[in-house]
Amino acid sequence: MPDWIGDLNLQSLSLVDNNLRSLPDSLRNLKTLRYLSLDHNLFPTIPEWVCELATLERLSIASCYIREIPSWILDLPRLESLTFDGNPIDSPPAEVASKGLEAIRNYWRQRADEGVDYLCEAKLIILGEPGAGKTSLARKIENQNYNLRQTERSTEGIDVIRYRFPTVIRTQENGELKVLDKRDFQVSIWDFGGQEIYHATHQFFLTKRSVYVLVCDDRKEDTDFSYWLQIVEMLSDGSPLLIVQNEKQDRTRDINLSSLRAQFANLRGAISTNLDTNRGLDTVIRTIQKELESLPHVGAGLPATWKRVREALEQDQRDYISLEEYLNICQQYGFTKREDKLQLSRYLHDLGICLHFQDDPLLKNTVVLKPSWGTDAVYRVLDDPGVISARGLFTRTELDRIWSEEKYAGMQDELLHLMMKFQLCYALDPEQTFIAPQLLSSEQPSYSWDPMGGLIVRYEYSFLPKGIITRFVVATHHLIASGKLVWKTGVVLERDGSRAEVIEEYSQRRIRVRVTGPSQRELLAIVDEHLERLHTSFPRLQYERYLPCRCKECQEKSEPYGFALDKLLKMARKEQEIQCYESSEMLFNWSMRSCRERFKLRITLERFKDCL
Amino acid sequence: MAKKSQEMPDVRVRLATEIIQHVRRRGGAWLRLKNLELTELPDEIFTLSDVQFIDLSGNKLRTIPKKLWDLPKLREVRLVANPIEVLSPRSRVAIDLGTYRRCHTSLKPQNINLIITRTVSEQDVNWWFSEMDAIKGPSKIIIGGLDVGIDMTPEEPTESMRKILDSLARLDFVGILLLRGLKVEVVPGGIQQLSKLHSLNLDHLNLTNRAGLDRRS
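These protein sequence lines map, in sequence, to chains H and G. Heads up, the first sequence is in the working numbering, so the first residue is 1 and it goes up one at a time. Heads up, the second sequence is in the working numbering, so the first residue is 613 and it goes up one at a time.
One or more of the hints may lead you astray.
What follows is a set of in silico ranges between Cβ atoms, one per label pair, in the way DEER data are often shown [unchecked claim]:
1) E406/H to I762/G: 52 to 62 Å
2) Y581/H to E649/G: 30 to 40 Å
3) W739/G to R540/H: 48 to 58 Å
4) E585/H to R638/G: 28 to 38 Å
5) D85/H to R637/G: 27 to 37 Å
6) V798/G to D85/H: 22 to 32 Å
7) E649/G to E544/H: 27 to 37 Å
8) P518/H to Q633/G: 10 to 20 Å
9) P695/G to S22/H: 44 to 54 Å
Derived by calculation from the structure, the hints in this document are not laboratory data. Using N, Cα and C, we set each Cβ at its ideal position, and we do this for glycine too.
So that you can see chain H by itself, here it is in the shape it has in the complex (with noise of 0.2 Å):
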């Protein structure tokens, strides 16, 4: 890049796509620079020179390898837009960079008026199949002189253990490199219920920047690796995960750690431990702080009201406070905006530590100190004889039955309503009773289908992780064929006289869709529209879309071969070839058509891709 481009007389410099790593000096004196578009380049930081281009009002800096926004920041004034997605930000904390330019600013200007302390906690999550002593590891690692029982009942829910252990953490901010001393790290170990029932919640708690333990039973060949790495892997952003083989009874299992290590780049390694002996313990804590202090976030600079409230609220005995209480405490340590309090809320809720969920209108006024009362609580209604002999039925005469403790006393409406903010449950009208879509009968009720001109659509996932259908099913509540038509792994929706079926195969990973009646089109992008809405709160979810082919062959048998719709969409569109690769039958060979059909075919295919 020549220093003359510094000379021009520009508003708008856009160099998107480079391999540029810095620019020259001399374009801080681009004075009168209004656009600056930097995105897909390898820049390490954002160009120091940019903080002095005070008529800058967007800058555009995604796809690079940017860690820090800095505080200078703060000194553009006429700044409205900043884009830097696809960097890997910890400064601000990712939370707080991802709500965007105001939130940075508000967050550099607390720092700058508060003073700063550092961030030294995080959470440890043990998961496993139920029996393979995730309990008994916990709390292991909080004293190693615990005492297990013969008979640990199995954890229903999640519990939730602190641990502290003291600590010396290193930080860089602003290219200084900090050593901070003399600090306990606090650590809150959330312990999962391992039953098949709490797997549908696990986006929910799977959170990231955590560290992850999966915890076999050596004398068990139950353990399926394959799905708790996976799990793992796509929902904590890449979070380390140890496995812990317990052994009981000094037999050891065999597990084929470098061909899972070349799958799973987070997976840490896998270590062995007696818990009834302590033997390999030492090794398993030292190994486990050791991952809690290399967590990305771990030493991220905070204002110092932050850490404060934050301090206050872990204190703070009491499972939920009021908005009013959590507002109130906020002003006490210091914090004078509402919106700031809020943001910090905000804040806490994605890294896990409360619940709050500012966007709803019941929700907002209450802030869970303890996620586990709302947990417990929801899964007791999941875990209820009562609730899964009626099949996932339920009503409000119940759920006072299962919340009658006084700990649930007078929050009955606020929990269900964050059952169903977890998608675990709809309401049948009127708002009286309730379905749980995960306790249904497995049974599929039978219907009639016309096969006749319908359309039909199959979702291939390269790996599915569970609940997608009840969630499915929650969110489409509304539509379910005379409200019955519905059953554990999937339902009919009706609309304006057209039929969706909707069927998860689990053991296939996909979802197969059919769509029958006269606005069939319409129904189908509404099905898409819920699935890709529930696909997105799978950050790494991998899958394809495939229509079923219909040459002669395939029509006549149950499993047709599937053209992947964004390939077949190209090979139109470029006219080339289509050809089915079970039958070799030609589909569609262009040269042999007529112009009209080429482009009716093109249309058939443009109209689909439409719906969806």
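With chain H's structure known, arrange chain G on it following the hints.
Frame of chain H; chain G shown alone:
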């Protein structure tokens, strides 16, 4: 007006009409009707009150009805690779050099976005260089690929493009200059001479910081 093509013109017009209706329903800002061999525009197009950009590249249009410019939000119509013969002075268009050569007298320089791709002909370039000091236009020029993305490799410029790149200093009337998706190892030095330039876009060029490539002596 040319006679409509004999081979199934209705299918293309119908596809175009469907696309227009679709864009209208969605209130879309973009309308793309590329490579449909259209000889005239379907009437539905005049009802698009939200559309801002229309791409009509690769059709067989000889002109654009004046009333298209009545669309309230329309900002630009892209007309690359059409046998355009005449354009109204109200036109705000993106056109290739051949069309520019045929129509420039009736167009305002600030309303033209000149697009120079690999298909630019030597004759048109020669014509432009012989006339440009007199025409002093247009004020917005794109050189390179139109549909380039971040996963594409920059293309080698053709001889004719190279000739323009080497003489950029002569374009001292240009306000907005975009070089896109081309293999150029250094930022062309001629840009330094462009006194009216206020917007410079050097996207998808593979520019690097490697020493030696940064400066031209």
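Now the hints, each set against the structure:
1. Evaluation of the 52 to 62 Å hint for E406/H and I762/G yields a pass: the beta carbon distance comes to about 58 Å.
2. Between Y581/H and E649/G the beta carbon distance is about 33 Å. The supplied range of 30 to 40 Å therefore holds.
3. Distance hint for W739/G and R540/H: a CB-CB separation of about 54 Å, consistent with the stated range 48 to 58 Å.
4. The hinted window of 28 to 38 Å between E585/H and R638/G holds, with their beta carbons roughly 36 Å apart.
5. Under the hint 27 to 37 Å, the C-beta atoms of D85/H and R637/G, about 30 Å apart, fit the expected range.
6. Roughly 30 Å separates the CB atoms of V798/G and D85/H, a value that falls within the hinted 22 to 32 Å.
7. With their beta carbons about 33 Å apart, E649/G and E544/H fall inside the hinted range of 27 to 37 Å.
8. Taken as a hint, the range 10 to 20 Å holds for the pair P518/H and Q633/G, whose Cβ atoms sit roughly 19 Å apart.
9. Checked against the hint of 44 to 54 Å, the pair P695/G and S22/H passes, with Cβ atoms roughly 47 Å apart.
In terms of the numbered hints stated before, the structure departs from none.
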